[in-house]
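Those sequence lines, one after another, are chains A and B. Sequential numbering of the first sequence, starting at 1, is according to the working numbering. Sequential numbering of the second sequence, starting at 1, is according to the working numbering.
By construction, these hints were calculated from the structure, which means they are not laboratory data. In this text, a Cβ means the ideal position worked out from N, Cα and C, and glycines have one as well. Treat the hints with care, since some could be wrong.
As the list claims (entries may be wrong) - In silico DSS-like cross-links for lysine-lysine, where the CA-CA straight-line distance does not exceed 25 Å: (1) 68/A x 59/B; (2) 15/A x 142/B; (3) 68/A x 122/B; (4) 110/A x 31/B; (5) 21/B x 164/A; (6) 31/B x 6/A; (7) 11/B x 109/A; (8) 11/B x 165/A; (9) 31/B x 165/A; (10) 15/A x 21/B; (11) 68/A x 21/B; (12) 110/A x 244/B; (13) 235/A x 122/B; (14) 98/A x 6/A; (15) 110/A x 11/B; (16) 142/B x 110/A; (17) 164/A x 31/B; (18) 15/A x 143/A; (19) 98/A x 21/B; (20) 143/A x 244/B; (21) 68/A x 31/B; (22) 15/A x 11/B; (23) 164/A x 142/B; (24) 11/B x 98/A; (25) 143/B x 109/A; (26) 68/A x 11/B; (27) 6/A x 21/B; (28) 11/B x 164/A; (29) 244/B x 165/A; (30) 68/A x 143/B; (31) 164/A x 244/B.
What the hints assert, rightly or not - From the structure, some residues in chain B lie toward chain A, with a derived Cβ separation under 7 Å: (32) 14; (33) 16; (34) 19; (35) 21; (36) 29; (37) 33; (38) 132; (39) 135; (40) 216.
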Amino acid sequence: MARTMKLRIFRGNSKDGGLQDVSVEANEGEVILDVIHRVQAEQIGDLAVRWNCKAGKCGSCSVEINGKPRLACMTQVASFDEAETVTITPLRAFPVIKDLVTDVSFNYKKAMEVRAYEPPADLKPGEARMQQIDVERSQEFRKCIECFLCQDTCHVIRDHEENKKSFAGPRFFIRLAELDMHPLDTIRNRKQSAQEEHGLGMCNITKCCTEVCPEHIRITDNAIIPMKERVVDVKYDPLRWLGSVIRKREGIN
Amino acid sequence: MAIDSETKTSKTGVFSQGRAKLAARTYRTDKWWIQPAITAGVLFLFIVYATYRAFENGKYFAAPLISPFYSPCLAQNCVKGSTSFVGTFFGTWHVFGMTVSPSLFILIFPLAFRMTCYYYRKSYYRSFWMSPPACAVAEPHKKYTGETRAPLIIQNGHRYAFYAGLVLNVFLTIDAVQAFRNAQGQWGHMSVGTLVLTANASFLWLYSASCHTCRHTIGGRLRNFSAHPIRYKLWSWVSVLNHKHQEFAWISLFGVAFADFYVRQVSGGSIRNLYFF
Chain A
1 MARTMKLRIF RGNSKDGGLQ DVSVEANEGE VILDVIHRVQ AEQIGDLAVR
51 WNCKAGKCGS CSVEINGKPR LACMTQVASF DEAETVTITP LRAFPVIKDL
101 VTDVSFNYKK AMEVRAYEPP ADLKPGEARM QQIDVERSQE FRKCIECFLC
151 QDTCHVIRDH EENKKSFAGP RFFIRLAELD MHPLDTIRNR KQSAQEEHGL
201 GMCNITKCCT EVCPEHIRIT DNAIIPMKER VVDVKYDPLR WLGSVIRKRE
251 GIN
Chain B
1 MAIDSETKTS KTGVFSQGRA KLAARTYRTD KWWIQPAITA GVLFLFIVYA
51 TYRAFENGKY FAAPLISPFY SPCLAQNCVK GSTSFVGTFF GTWHVFGMTV
101 SPSLFILIFP LAFRMTCYYY RKSYYRSFWM SPPACAVAEP HKKYTGETRA
151 PLIIQNGHRY AFYAGLVLNV FLTIDAVQAF RNAQGQWGHM SVGTLVLTAN
201 ASFLWLYSAS CHTCRHTIGG RLRNFSAHPI RYKLWSWVSV LNHKHQEFAW
251 ISLFGVAFAD FYVRQVSGGS IRNLYFF
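Hey, can you work out the whole structure from these sequences and the hints?
If you want it as structure tokens, here you go:
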């Protein structure tokens, strides 16, 4: 059954802009991306919105809906009251290009700063063998669709632009955790670099990244906190340090 | 369709140059402030009650029950019968002519455990420090360095507070076992107080066992689970509990306050410790 939906959509660029009121038809079963497309088709031809799969798997249509970072293609119209005015803005942690499209290149720069997986030198292609229980932790992190909602909601960079230089953000903490837990990765100083180069210590575990993740990755509990504990092992725990000196434990270097 | 031109004054955070020119600190329409407000209120009440009880220095023992705020009682000025079996290491301290409450010697450890707990950190950073008050709600602070420098870098010592907490759990479990006696010290009895102290010890063990540091120590730090099957199994169990760490944190907090309150009321004569047998 069709209904009229009241929207306030951000229109503008990095220099200027504001919220524009729009009324648009919405049908049963539709998602916010559908009504944005209808606005684009019928009312505002140059409304900019980034999208691709419309199935919650490409991570392109990240916006903020009523102030919450969400995928437009996974947010049901039915979840809002008919009388409600729904505000749709671009991600507010990143520079806006036009309307609902933001420049997320910050994340690609941070991705390049993470050293890639490095297998043992004598391991030939096709020879890698790992047991399922050794890779299942990392597999959770591989579900990431790089929508960057976690990056957007993280107050460390959202509320403090100056921290972008020294803070990689939750998306890359799960990448670091994935690599540090990888049974065949040979790089042994990922814990130290997580703390010293990627700003893990700036995270104060408020779990917003976990709350917004559309893939329901338990970012804080399964990646960030385990990485913080691993950092403690090598940097802040005198007994572990002593143990590493005496027994030369793996990973404590 | 009019464009809503809004005045922008601040230049930081969501108002930084290049970001969408939006005036509000948040566009959330839900009641995002309720949760941090409730958390702040409950934690504040607990702090007030615990502080009062720690300094009250009385009404903490009614044989065979001892309040968890005073156990183990390690000072010489502990009331008769409440002294811990391990001795009175601390003697009797006086500050400005007043006797120091035995509670103060031990409460520092559970306080440190909860203050550095990963769950409570989330709670109080949000509700007391508003960093941030809620997700996608701009925080009021101009600068932020997280847990990279003093004093918050001390949060990295959580595992030592965890170990201390385990020791206290042992004492409180012994208290629960000793509550299976009557007031004359004879075994084989059970009262409401027995249930209260047993529940308190159980909740504290669940809170400790579900701790993120426990999960890491027991197996999380390993790279190859397949080489350590027993630790992997233990890690799997602790991971199940870890999902409920938040719930255990609250239940154990209420549990310890209630256990203390119950012992206080029995000790003060307000209520009678009802015996089942």
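Checked hints:
| no. | hint | verdict |
| --- | --- | --- |
| 1 | 68/A x 59/B | 50 Å, violated |
| 2 | 15/A x 142/B | 23 Å, holds |
| 3 | 68/A x 122/B | 19 Å, holds |
| 4 | 110/A x 31/B | 34 Å, violated |
| 5 | 21/B x 164/A | 20 Å, holds |
| 6 | 31/B x 6/A | 21 Å, holds |
| 7 | 11/B x 109/A | 24 Å, holds |
| 8 | 11/B x 165/A | 18 Å, holds |
| 9 | 31/B x 165/A | 33 Å, violated |
| 10 | 15/A x 21/B | 8 Å, holds |
| 11 | 68/A x 21/B | 17 Å, holds |
| 12 | 110/A x 244/B | 33 Å, violated |
| 13 | 235/A x 122/B | 23 Å, holds |
| 14 | 98/A x 6/A | 21 Å, holds |
| 15 | 110/A x 11/B | 24 Å, holds |
| 16 | 142/B x 110/A | 24 Å, holds |
| 17 | 164/A x 31/B | 29 Å, violated |
| 18 | 15/A x 143/A | 36 Å, violated |
| 19 | 98/A x 21/B | 11 Å, holds |
| 20 | 143/A x 244/B | 23 Å, holds |
| 21 | 68/A x 31/B | 12 Å, holds |
| 22 | 15/A x 11/B | 13 Å, holds |
| 23 | 164/A x 142/B | 15 Å, holds |
| 24 | 11/B x 98/A | 20 Å, holds |
| 25 | 143/B x 109/A | 23 Å, holds |
| 26 | 68/A x 11/B | 22 Å, holds |
| 27 | 6/A x 21/B | 21 Å, holds |
| 28 | 11/B x 164/A | 15 Å, holds |
| 29 | 244/B x 165/A | 35 Å, violated |
| 30 | 68/A x 143/B | 23 Å, holds |
| 31 | 164/A x 244/B | 33 Å, violated |
| 32 | 14 | 5 Å, holds |
| 33 | 16 | 4 Å, holds |
| 34 | 19 | 6 Å, holds |
| 35 | 21 | 5 Å, holds |
| 36 | 29 | 5 Å, holds |
| 37 | 33 | 13 Å, violated |
| 38 | 132 | 4 Å, holds |
| 39 | 135 | 4 Å, holds |
| 40 | 216 | 4 Å, holds |
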